[in-house]
Amino acid sequence: MLTFYDCQTAPSPRRARIFIAEKGINVETVEIDLRKGEQMSESFRKINPRCAVPSLVTEDGHAISENLAIAHYLEALHPTPPLMGLTPLEQAMVLEWNWRCEFEGLAAVAEILRNSSPHMKGRAMTGPRNIEQLPELAERGRVRLGYFYEDLNTQLSQNEFVAGDHYSIADITAMVLIDFAKWVKAQPDESMSALWKWHAKAAARPASSV
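This note's numbering puts the sequence shown at residues -17 to 192.
Please note that a few of the clues may not be correct.
[Stated by the list, open to error] The calculated DSS-like cross-link candidates involving lysine-lysine, where the alpha carbons are at most 30 Å apart (straight line), are:
1) 28 x 5
2) 28 x 103
3) 183 x 167
4) 167 x 18
5) 103 x 18
6) 167 x 28
7) 28 x 18
[To be verified] Quick list of the computed label-pair ranges, beta carbon to beta carbon:
8) 28 x -9: 20 to 30 Å
9) 99 x 48: 17 to 27 Å
10) 188 x 59: 16 to 26 Å
11) 114 x 41: 34 to 44 Å
12) 114 x 71: 38 to 48 Å
13) 104 x 70: 36 to 46 Å
14) 48 x -9: 18 to 28 Å
15) 171 x 6: 33 to 43 Å
16) 122 x 101: 14 to 24 Å
17) 125 x 102: 32 to 42 Å
18) 118 x 70: 34 to 44 Å
19) 69 x 167: 38 to 48 Å
Don't read these hints as lab results, they were simulated from the structure. For each residue, glycine too, the CB sits at the ideal point set by N, CA and C.
Work out the full structure: start from the sequences and follow the hints.
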């Protein structure tokens, strides 16, 4: 059986957890408590030397520790339901929008949180090394995030889902980033009606509540 290293309170493993639930895959789950620093333990470093979740360990013992890599592996093993596109163009659009949701959205929220929270002083980046906060990056993150919300709202005013006509990993990433943005009080403005209509639909999916 696949072993999934999770943390219920963190946004990044939530993305993988939703993907797994959408696929209906049975995994053995191991909870890693980030608040207690369990990701820094010697035992977990053997799974992921980068000291971050999620990680997925295959039945033959290989560890996969990035969301997109985990999704690609699971999509190949369990192609139904498809969550990464079917045609070459659909696959390209899913990857494009998933990247934008990660880099322009999730990374911006992380910039805000990690460079402004007193609880993350000296921990401005995930991983085994300590990096000091830069308050200017928190300010930049809010600007970046606002621009991305505008683009995402435009995209969703023209498409049923983030990457087009079908629900995909891009929707998972976008929904998690918007929920994550609550932590820094930086969610989209209520006037972005297309975005919020889509969010309500995505959040109502059974897998979104895992």
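Okay, the hints, checked on the actual structure:
{"no.": "1", "hint": "28 x 5", "verdict": "27 Å, holds"}
{"no.": "2", "hint": "28 x 103", "verdict": "26 Å, holds"}
{"no.": "3", "hint": "183 x 167", "verdict": "22 Å, holds"}
{"no.": "4", "hint": "167 x 18", "verdict": "25 Å, holds"}
{"no.": "5", "hint": "103 x 18", "verdict": "16 Å, holds"}
{"no.": "6", "hint": "167 x 28", "verdict": "36 Å, violated"}
{"no.": "7", "hint": "28 x 18", "verdict": "18 Å, holds"}
{"no.": "8", "hint": "28 x -9: 20 to 30 Å", "verdict": "23 Å, holds"}
{"no.": "9", "hint": "99 x 48: 17 to 27 Å", "verdict": "24 Å, holds"}
{"no.": "10", "hint": "188 x 59: 16 to 26 Å", "verdict": "21 Å, holds"}
{"no.": "11", "hint": "114 x 41: 34 to 44 Å", "verdict": "41 Å, holds"}
{"no.": "12", "hint": "114 x 71: 38 to 48 Å", "verdict": "43 Å, holds"}
{"no.": "13", "hint": "104 x 70: 36 to 46 Å", "verdict": "45 Å, holds"}
{"no.": "14", "hint": "48 x -9: 18 to 28 Å", "verdict": "20 Å, holds"}
{"no.": "15", "hint": "171 x 6: 33 to 43 Å", "verdict": "36 Å, holds"}
{"no.": "16", "hint": "122 x 101: 14 to 24 Å", "verdict": "20 Å, holds"}
{"no.": "17", "hint": "125 x 102: 32 to 42 Å", "verdict": "20 Å, violated"}
{"no.": "18", "hint": "118 x 70: 34 to 44 Å", "verdict": "41 Å, holds"}
{"no.": "19", "hint": "69 x 167: 38 to 48 Å", "verdict": "39 Å, holds"}
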